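A.B. asks: For chain Z, the structure is supplied; the task is to place chain A on it using the hints.
Read off the chains here:
Number of protein chains: 2
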Amino acid sequence: MRMAELSSVAGVPVATIKYYLREGLLQAGVASSPNQASYDDEHVRRLRLIRALLDVGGLSILSAREVIDSIYSDSSLAETFAVAQNTVSETLDVEQIDPEALQRIDALVSDWKYLPANPGRLAAGRVLSTFDAVGQRDDRGWFGRYKTAALVAAEADLDEIETRQSRESQAETVVVGTVLGDALFAALRRIAQEHVTQQRYSPEGTA
Amino acid sequence: MRMAELSSVAGVPVATIKYYLREGLLQAGVASSPNQASYDDEHVRRLRLIRALLDVGGLSILSAREVIDSIYSDSSLAETFAVAQNTVSETLDVEQIDPEALQRIDALVSDWKYLPANPGRLAAGRVLSTFDAVGQRDDRGWFGRYKTAALVAAEADLDEIETRQSRESQAETVVVGTVLGDALFAALRRIAQEHVTQQRYSPEGTA
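Protein sequences appear in the order of chains Z and A. For the first sequence, the working numbering gives the first residue as 3, with consecutive numbering after it. For the second sequence, the working numbering gives the first residue as 3, with consecutive numbering after it.
Only true hints are included.
In silico contact screen, one side only, chain Z against chain A (beta carbon under 8 Å); selected entries:
| # | residue |
| --- | --- |
| 1 | N120 |
| 2 | P121 |
| 3 | R142 |
| 4 | W144 |
| 5 | A155 |
| 6 | A156 |
| 7 | L190 |
From the structure, some residues in chain A lie toward chain Z, with a derived Cβ separation under 7 Å:
| # | residue |
| --- | --- |
| 8 | N120 |
| 9 | P121 |
| 10 | T132 |
| 11 | Q138 |
| 12 | Y148 |
| 13 | A152 |
| 14 | E162 |
| 15 | F187 |
| 16 | A189 |
Since the hints were derived computationally from the structure, they do not count as laboratory data. As the structure is a prediction and not an experimental result, all values here were calculated from the model. For every residue, glycine included, the Cβ atom is placed at its ideal position computed from N, Cα and C.
Looking at chain Z on its own, in the form it has when it is part of the complex:
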């Protein structure tokens, strides 16, 4: 199909498609004449992925290109995870994180295997020192239960990834799951908070 048709099928304006082509987010079409290129379903698919990463995942163009490149590379699953995780995580400098908070994170997940540079480790350390700074305590194993929840989600991620047939579609699920999984969990937690609050504080039938 020509670019005008690609635009209408994918619901993305022609100017935006040209921008994605220039930025290397979208693969080039096959030249059918000196001024024309032809696009196929793979372009439609890629455009949808780009929109998901940018609009719902909130990634920058640069970050979206990095994760897309990692899907279509020879990277291992672990490498693709690392790229996706770094893309969705704020860049933190280990020097800026309270070492005592990092020790507590390492103690909390001491039965897990991970590298010190895992972006989640630094981010979790920062959250812990922020909780301290505002005087929030962990009196009923709050953080330990978040650990439990995180493992449930990560096991589900990996189980789902294993159902995908090719390395490429596995890598795609790694990327989409990492980028959108945070949003899905946060959304479900908001519903669950309302549910549990209702259960505990609203007498039956008055909710």
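C.D. replies: Then chain A, alone, in the frame of chain Z:
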């Protein structure tokens, strides 16, 4: 203490403190002379909360003021949760969300009690239609396991809140927990993903 001392104790520049006072984020000091006010530990505490909401929670000044106001109001826990949830959630219009995706969310959590306007409901609907758009399926109960994880976290949130002695400190935990809990979970999920990937794909000892 005077403002200069407040600044050094809380580690926040005087100009920034003045800005927070103007914006109504920080309560005024007690006037000790026409040109001077006196501040106490409550101001230090509040400044730390403001920094946590802005720097780690990523809230805007306006959103931070809204959630702080809700802490020091007579709102019920459910109301404070609603304010905090709306503050950390992107504003979505129900018209923009695929109704079929919303139905699937309602079916997924049909045993939970919540209002249709819960911001998590709309956000979850949008994530589901995005998964559809990029061809991601839920072959092994992926979303159901995220539901399980979300309930673990929400129960932990409410249990922790119940240990706080005053309405005000309960409300503070609602706000801090809602704003920072997403970040804590996302961080722990990244460590868990690395852990589970290592477990499944790296032979013992070579990690």
